[in-house]
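Trainee: Read off the chains here:
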Amino acid sequence: MIKAGSIDKGMCLLIKDEPYLVTEREFVNPGKGAAFVRLKLKNLKTGSVLRETIKTSESVEEADVYERDGQFLYPDDMGYHFMDTETYDQFIVPKDEDFEEKALYMKEGDPYPIVFFESEPIDIKLPLKMVFKVTEAQDAVKGDTVTGATKVIKVETGLEVKVPIFIKAGDKILVNTESGEYVERVNT
Amino acid sequence: MISRRIIEARSRLNRDVRNFFCDLGYLEVETPLLAPSLIPEAPIEIFTAPYLDSEGANYLFHLIPSPELWMKRLLAAGSGNIFQICKSFRNVESPGLHHTPEFSILEWYTIGCGFTEQIDITKKLLTATGFSEDYVDSAVRMTMRETFLKHTGIDLLDMQHCDTFRKTAGDLGPGISPVDDWETVFNKVFLTFVEPELPKDRPVFITHYPVQSHCLAKQIPDSPWRERWELYLNGIECANCFTEERDLKEINAFFEHEAARMDTRRTEANTDNGFLHIFRDGTFPSCSGVALGMDRLLMLLTGRKDIRGVILFPFFDMLEADS
Numbered sequence: 001m002i003k004a005g006s007i008d009k010g011m012c013l014l015i016k017d018e019p020y021l022v023t024e025r026e027f028v029n030p031g032k033g034a035a036f037v038r039l040k041l042k043n044l045k046t047g048s049v050l051r052e053t054i055k056t057s058e059s060v061e062e063a064d065v066y067e068r069d070g071q072f073l074y075p076d077d078m079g080y081h082f083m084d085t086e087t088y089d090q091f092i093v094p095k096d097e098d099f100e101e102k103a104l105y106m107k108e109g110d111p112y113p114i115v116f117f118e119s120e121p122i123d124i125k126l127p128l129k130m131v132f133k134v135t136e137a138q139d140a141v142k143g144d145t146v147t148g149a150t151k152v153i154k155v156e157t158g159l160e161v162k163v164p165i166f167i168k169a170g171d172k173i174l175v176n177t178e179s180g181e182y183v184e185r186v187n188t
Numbered sequence: 001m002i003s004r005r006i007i008e009a010r011s012r013l014n015r016d017v018r019n020f021f022c023d024l025g026y027l028e029v030e031t032p033l034l035a036p037s038l039i040p041e042a043p044i045e046i047f048t049a050p051y052l053d054s055e056g057a058n059y060l061f062h063l064i065p066s067p068e069l070w071m072k073r074l075l076a077a078g079s080g081n082i083f084q085i086c087k088s089f090r091n092v093e094s095p096g097l098h099h100t101p102e103f104s105i106l107e108w109y110t111i112g113c114g115f116t117e118q119i120d121i122t123k124k125l126l127t128a129t130g131f132s133e134d135y136v137d138s139a140v141r142m143t144m145r146e147t148f149l150k151h152t153g154i155d156l157l158d159m160q161h162c163d164t165f166r167k168t169a170g171d172l173g174p175g176i177s178p179v180d181d182w183e184t185v186f187n188k189v190f191l192t193f194v195e196p197e198l199p200k201d202r203p204v205f206i207t208h209y210p211v212q213s214h215c216l217a218k219q220i221p222d223s224p225w226r227e228r229w230e231l232y233l234n235g236i237e238c239a240n241c242f243t244e245e246r247d248l249k250e251i252n253a254f255f256e257h258e259a260a261r262m263d264t265r266r267t268e269a270n271t272d273n274g275f276l277h278i279f280r281d282g283t284f285p286s287c288s289g290v291a292l293g294m295d296r297l298l299m300l301l302t303g304r305k306d307i308r309g310v311i312l313f314p315f316f317d318m319l320e321a322d323s
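Chains as they are written, first to last, in our numbering: chain A, 1 to 188; chain B, 1 to 323.
Pulled out of the complex, with its shape left as it was, chain B reads as follows (with noise of 0.2 Å):
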């Protein structure tokens, strides 16, 4: 069904997004959202379209799984702050509540800002989006290592070997394999006893993840943690906060390791080997970079329980109509 209600409230969104961030001084960028290579993600399911020239030759490219590479090389080139709201697009993504394959994502990197002082920059963004003070003062921050012992008992520090990890959480619960690596164990643990567990009448920011959980997020020294934060409104996960790696050692090694676990995903891209290019002589600028879901963030502004219920013609939808 369109509503004319849903409409307007992502037309008010993109507007106040937009007028929040020009104010701000950030200048809105627009990028493709055809790449013919991507950033490696090993977790990540891409959609491929292929290119025909007039010669009959065949290109294949994919579409953006997010604006990352994109922004980034605009970063590397001088841009200062920046924010776009485009789509995005995640294969293999099964019908639910809060996923669908296209989304609109926002994303905006601030030039020398740390993860933590994202966080203000975005409980304003909440306050412009129309959230109310109250409920945007209620936001409550806690670290990964406090939030998981308090809801499981597992102290994450005493957990650092893969072993003891999958022992103490095998006996939480079944679920855990034999063959799960470090990531998995924690994600199954996270999702199962900590992720329900948390606060839906407040915003709530889970800052420092584990080391162990491989992104582009840079690494606090000398600790297991890594300058990142997730933001979970309503108990869901809204927005996704890196102070972003900038040495290219540890990119290649990122790189490197998402190129070794490929082989469990379904499909197939391009590795974006140009990526690495803008890290190497040390300009790319020390910054901080926040990914918004704009679809459940218009969710939670409209009251709706369903993602389908803010899309005007609902990606599932299509897919049942037409079987």
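For reference, chain A alone in the conformation it holds in the complex (with noise of 0.2 Å):
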């Protein structure tokens, strides 16, 4: 058993018997009142999503999983393609909403921890800042002097993000893959 407050994203719970993937975790203290944490879960069986809230104080099973490096290779249909890094098994995880944004962050060629309950893989975890190179950003307009002005670019892997209007296609930037925003411009 373990604290609800130590209840992180990407950790497995057991509720009455069933295993469920904490997809979404937010911190709450109301007004006045006592600290929750806030949970968005998805049953590994059923696939169906719970949403729940309890106090940071109560206690919670966790489910039995282990993780293991994989290497990214494709996205197609059927889901996101990976290689064990170590035995060089190919397996894929199967796509679904959670992923489909996770995708937007994830680089062909690179390796990701990969979460595994009985075998099969059910999450992919992202590290909290990554390095993107800029592929498509127009060009700052001239005379364009508003302090803080930003503007919206793409990066390698197709995600959008807002930067400052500073920032050039070519160029290389750290973002937060929990907010999606721009962290700072990485000199190289």
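Simulated from the structure, these hints should not be mistaken for laboratory data. As the structure is a prediction and not an experimental result, all values here were calculated from the model. Where is the CB? At the ideal position from N, CA and C, for every residue including glycine. You may find that some hints are simply not true.
[To be verified] Derived lysine-lysine pairs resembling BS3-like cross-links, with alpha carbons at most 30 Å apart:
1. A:K129 to B:K218
2. B:K305 to A:K162
3. B:K200 to A:K95
[To be verified] What follows is a list of derived Cβ distance ranges for each label pair:
4. B:L34 to A:Y74: 55 to 61 Å
5. A:P127 to B:S54: 49 to 55 Å
6. A:S59 to B:D163: 21 to 27 Å
7. B:A128 to A:L174: 32 to 38 Å
8. B:A128 to A:Y74: 52 to 58 Å
9. B:L319 to A:T157: 29 to 35 Å
10. B:R4 to A:L128: 35 to 41 Å
11. A:F116 to B:D16: 49 to 55 Å
12. A:Y66 to B:S132: 33 to 39 Å
[Claimed, not checked] Stretch-level coverage of chain B by chain A, calculated; a stretch enters the list once three of its residues show a Cβ under 8 Å from a Cβ in chain A:
13. 48-56
14. 88-95
Combine both chains into one complex, guided by the hints.
Mentor: Below is the structure:
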């Protein structure tokens, strides 16, 4: 058993003997209330979505899962194809809503930790901050000197990011994969 | 990353807030961040800092979780309308997009003003700090009962007994435990099914909170509601308003209620029994107060999704760098 306060995204919980993957986790302290954690969970057997909020001081049971590194090969209609970097076995993480968003951050050829439950891949983990190359960006308009002006650019994975206007195509930028926000320009 | 834009936006927001209240004749006040004792609030975790005197004696001080204990003393002393922008501290906060243990709070009190009139003041403040008039004019007001019914099908008026509420809420989904008290059941259902569904394109004032949600907001006589509202901007809780309780008997009852559930708290703090004195002779003025999260407001004004983006030296970044 663990305290609900240490639940994290990507963790697997046993709720009424069913395995659930935590797909969203947010700490909330309502007005003058106690600390709660608001969860969105995916049933790993049925795929159904469950929402619940519990006190951070309550206890929950973890499901037995393990992680392996998988090199991202390519996506197709069946899902996301990976290769186990140790055994070279290939496997597919089936498509679903959560992964479609994550896929915008996944670079072909890069390894990512993959979570398995009963030999099935159930989740892809992303580093909190990742470097991307800007592939499409409009030049800043001359005379546009407003402090803090931003524009939307595209990176190599197709992800769109709001950045300061000085960012050019070819630049490398650091992006927070949780919020989708620009962090800084990376000098190479 | 230290952003020039954030330095400017924070400076502008502070100036706009000060101009707004000073123009209305409020006095800006400054009160201690260190306090030897606090208003007991069981759900709030506290930071403690020891003071050592030259004789070697050791005194425990706490970092305030809000400036309420001081500002109400000023009101009792006849300060009139007052406001303050200061730091406040909550321990055992978990990292998240909207929380940080050290944060900036704006708190103001208006004499002879009820909680609903504070909605108008707050809307004017939003306009004064840079929100568009169209956005502020689109604000909606709904009671907790209405919005709860709309999103859960549960009428809180029928849920006055904890057993009934627990069972009805349990049918909506798991997460309700047999040991949950009324307020916990209410919070769980509200946070799971109501709060995420609130409109994000306009300011939302949720008014009339259940009396079982214990706080120092005045109860509306012969009703199960308190004179309290919360403001949600972009779905995020940004401000909290009470018509302030002045009845010593009620305030005593609140202190006792909190004392009885302190065992759930991980941190300890001394109780500010002196706070009760200011209500003894019945001269504490009729007033309402609003506490507003300045960092959250700045997030909205600058389009940031993460509270770290508006704080120049974020707490959790320091924690990560240290470990």
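Trainee: Please list, smallest to largest, the hint numbers that this structure does not respect.
Mentor: 1, 10, 12 and 13
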